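We have chain A already, so just place chain B with the ligands on it with the hints.
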Amino acid sequence: MTTATRFENPADGLRIQDARLGYDGRIVSDGLNFSVREGEFTAIIGPNGCGKSTLLKALARTLKPLAGKVIVDGVDVRTLRPKAVARRIAALPQHPVAPESLRVRDLVARGRHPYHSLLRQWHPGDAEIVDAAMAATGVADYADRLLTELSGGQRQRVWIAMVLAQQTDYVLLDEPTSFLDLAHQVELLHLCQDMRADGRTVVAVLHDINQAARYASHLVVMHDGEIVREGAPGDVLDAEVVADVFGIDGIIERDSQSGAPMITVRDRRVPS
Amino acid sequence: MGRAVSTVIRVGRLAFPVHRPAVLFCLVTTAALVLVSALTLTLGELGIPLAEIPSALSGGAEGTSAFVLERLRGPRLATAIIAGALLGISGALFQTVTGNPLGSPDVIGLGAGAGAGVAVISLVFPLIPSSIGAVLGAGLATVLVYVCTGRGFRSPARTIIAGIAVAALSYAITQYVVSTHLRDAASQLAAYLVGSLNAVNAQDVVVTGIALGVILPAAIAFSRDVSMLEMGDDTASGVGIDPNRTRTIAVILSVFAAGASVAAAGPVSFVALTAPQIARRVIGTSHVSIVPAALTGALVLAVADLAAQQVPFVEGLPVGVLTLGVGGIYLGYLLVREHSKGRL
Ligand SMILES: Nc1ncnc2c1ncn2[C@@H]1O[C@H](COP(=O)(O)OP(=O)(O)OP(=O)(O)O)[C@@H](O)[C@H]1O
Ligand SMILES: [Mg+2]
Numbered sequence: 013m014t015t016a017t018r019f020e021n022p023a024d025g026l027r028i029q030d031a032r033l034g035y036d037g038r039i040v041s042d043g044l045n046f047s048v049r050e051g052e053f054t055a056i057i058g059p060n061g062c063g064k065s066t067l068l069k070a071l072a073r074t075l076k077p078l079a080g081k082v083i084v085d086g087v088d089v090r091t092l093r094p095k096a097v098a099r100r101i102a103a104l105p106q107h108p109v110a111p112e113s114l115r116v117r118d119l120v121a122r123g124r125h126p127y128h129s130l131l132r133q134w135h136p137g138d139a140e141i142v143d144a145a146m147a148a149t150g151v152a153d154y155a156d157r158l159l160t161e162l163s164g165g166q167r168q169r170v171w172i173a174m175v176l177a178q179q180t181d182y183v184l185l186d187e188p189t190s191f192l193d194l195a196h197q198v199e200l201l202h203l204c205q206d207m208r209a210d211g212r213t214v215v216a217v218l219h220d221i222n223q224a225a226r227y228a229s230h231l232v233v234m235h236d237g238e239i240v241r242e243g244a245p246g247d248v249l250d251a252e253v254v255a256d257v258f259g260i261d262g263i264i265e266r267d268s269q270s271g272a273p274m275i276t277v278r279d280r281r282v283p284s
Numbered sequence: 006m007g008r009a010v011s012t013v014i015r016v017g018r019l020a021f022p023v024h025r026p027a028v029l030f031c032l033v034t035t036a037a038l039v040l041v042s043a044l045t046l047t048l049g050e051l052g053i054p055l056a057e058i059p060s061a062l063s064g065g066a067e068g069t070s071a072f073v074l075e076r077l078r079g080p081r082l083a084t085a086i087i088a089g090a091l092l093g094i095s096g097a098l099f100q101t102v103t104g105n106p107l108g109s110p111d112v113i114g115l116g117a118g119a120g121a122g123v124a125v126i127s128l129v130f131p132l133i134p135s136s137i138g139a140v141l142g143a144g145l146a147t148v149l150v151y152v153c154t155g156r157g158f159r160s161p162a163r164t165i166i167a168g169i170a171v172a173a174l175s176y177a178i179t180q181y182v183v184s185t186h187l188r189d190a191a192s193q194l195a196a197y198l199v200g201s202l203n204a205v206n207a208q209d210v211v212v213t214g215i216a217l218g219v220i221l222p223a224a225i226a227f228s229r230d231v232s233m234l235e236m237g238d239d240t241a242s243g244v245g246i247d248p249n250r251t252r253t254i255a256v257i258l259s260v261f262a263a264g265a266s267v268a269a270a271g272p273v274s275f276v277a278l279t280a281p282q283i284a285r286r287v288i289g290t291s292h293v294s295i296v297p298a299a300l301t302g303a304l305v306l307a308v309a310d311l312a313a314q315q316v317p318f319v320e321g322l323p324v325g326v327l328t329l330g331v332g333g334i335y336l337g338y339l340l341v342r343e344h345s346k347g348r349l
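These protein sequence lines are chains A and B, in that order. Each residue of the first sequence is one higher than the one before, starting from 13 at the first, in the working numbering. Each residue of the second sequence is one higher than the one before, starting from 6 at the first, in the working numbering.
Next comes chain B alone, as it looks inside the complex:
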């Protein structure tokens, strides 16, 4: 619309205005993602030689390269990208609904809830797929936070405090389930529960891939309506938005996105918090940027996982420990900033 920073993308009868800085941002993050992917596949002792990558990707690899690509690093990289994208989407939607960067799924205990759901389902009802547990846990945690604040997600301070309580409760449930059940299964879960990509397989790629394939287009189509909520409920409904319905759909999409991500990678902390914020700050737009947030989430998780595989000292650590450390610093910064703006 107009001369400034927007362009309209048209496909047949479909038309979407997009911000040019957002398009540029997406191109740059995609390029970075390709670079990180190449590094992930090629670095280190088991790395696939760069020259073999094109043929390996088209199915022509043999021996070690095939094993590394299909079993070892391929699924792990794909899951990092997909799970990171899902977390970015989840965070972008949730932060807009709560009207606060701190109202992120990871801060309010959605990830912890999903983790508890996986722990309970996989150890107590092993026949039910753990992804169902993740979504149920995430949903239950969201409902609990919503009820505990007494006024939905509108008050950031209450949302965060209720979220801390719900997260603590979820960890308690997880610990209880883990410590009262078989030790070998439990020890595998322990790594998973800080967020880890060490044990992912092709099935995880398929499950999260399907989730992303469904949630991403829905979130993109819906992001305009969600953006309108930032003008306040009355103004939004003046231009034809149903604020409550919009919030509900956004929260449901967000819960499914976070749940699907947790099901594969565990409750990786702070990607959902940071990715939408990074995207938003760099682009400088108020519209909820689903695709940039998704790409940033993918990039953050892929970089963290590359570090977890290759960087001395942190090598071999679950990826969640890395994001926890870096993201925790950012959370502290946000808390101070929001407090000084008087929004807490």
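In isolation and in its complexed conformation, chain A is listed as follows:
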């Protein structure tokens, strides 16, 4: 396994510098600065349309910044070859497209693509890596089924397996828990924690604030294209940010096991 060995020097990490991000004629974020915390499991939270996916796409080199740059290991990612970036950063978009008549194992094997060349499209170790990735996400049982025959949640775990097979130091996941039932959501969040324990850096967009606070080690709150707060979950979440960013009238309590902050939406029938 390739693991991150660069915790010491922050200049070596993955960061966005003075970036303007957006799509033709529509600017989502401007003057954005963000450094991915090495060795942490970061959760990005924020309301729909606030620019979480946009930020993640910029980090993954998929979206070209309109101004500013994204820097990995001290160099602008746009100057690197796509495959070189894909050996450092794996990214799962919010809406991957499942190709027709593709089998699970073959999709997961596509995670090895960054290590291949035009004339060498397979390596001896690939099969084990692919098997390990399928085992870790619990999809080994349907390795030979067609992707289009799987349920939404099963499919989601196959995509994660593909990202795992990429064996990168950085793993960026856009809403990896959507479509999953609660048990599999928890399993996936554990997987993210395991990846962190392995020395990888994980950044995931999550919609469930409580899950984000409970499982992530670092929390980033976005609103209208800006990062409004960042830090340890216990320091970041309070009634004010929940009201301002999400427009929720909530009470902050403590998770009885982990002590992580937990939001309970105030019942509108109970007068405060």
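Quick caveat, the hints were computed from the structure, so don't treat them as lab data. Nothing here was measured: the structure is a model prediction, and the numbers come from that model. There are no misleading hints in this set.
Covered stretches of chain B, going by a simulated chain A footprint (3 or more residues, C-beta under 8 angstroms):
#1 16 to 27
#2 226 to 239
#3 245 to 255
If you anchor each label on the Cβ, the simulated ranges turn out as follows:
#4 V28/B with L130/A: 14 to 22 angstroms
#5 L29/B with P59/A: 52 to 60 angstroms
#6 K95/A with V28/B: 23 to 31 angstroms
#7 P26/B with I39/A: 45 to 53 angstroms
Positions of the beta carbon are idealized from the N, C-alpha and C atoms, including for glycine.
For chain B with the ligands alone, kept in the frame of chain A given last:
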């Protein structure tokens, strides 16, 4: 990779995973191709006797057999196989780039454009080789379709409508050029312009053969990257693909393949549409299957040309008329199917 359906072919340091069903498919189509070739050379009044074929192929033929092999049926068969293979490759690449079986070079007017290019070049600038006209015409038609849809090749419905317009425009140009120029040259062109192998010669074999020799390996090496585009641009770039660059290279290869084929055989319809689909359906894989598509294209065109030479009623017709008839039915089927899936 793994136990399922893949095997890795290794040559020295090179390594390619292949699907076993694809290998089987290739063996069967190759055998069929050999059979059709034997029939093409031996059937009918001028057929070379079967016993003479081995010696004829090794250059030992004399008299009628030599004439039939070297001038009459040999070049024609070789061109059918090579041009069919080129069309299969062109279709496989283009259908993947557009993400739709209907996004084929023949549907979107690439063949018609190549035909117009040949008409203009061969009648107006006779000194320039017609294959250059074919590639230019195909390229221009592709650019026109790309621009007319307003959003590249991503929308199948827009691509098809723009393709119909570009094809109509190409036919208009062709008709204009043909009707305003010398009648004997024009009448020869008329048969060519529906796609015909009646007038091919050894030079056509050489030109298309070189094109196939260059395009086939390039397409094979490149097909993995092209396959990745099916997961969506974001996912593809996540595993190290540059989606725009990949699409551009695939379209260029596709245009050259279609152009080279049209230069020799004329705009034969629907081989590029059907060959990759047949291959894909039979094999049941999502990877872009370049070699199976090429072999299927070769087989389809060789069979159509055999029919055009031997089957009563259709005998003597340009081969393009046959593929047009059969392929048109398949196109209708695809339109209905894609429509019912809500993808149009
Ligand atoms: N491809 C696109 N073209 C144009 N605008 C886009 C595109 N993708 C997103 N946007 C716009 O950019 C803004 C930010 O979108 P983004 O996808 O980053 O939001 P998000 O925070 O991920 O939201 P969600 O929680 O709904 O996934 C939105 O207003 C959206 O309308
Ligand atoms: Mg999003």
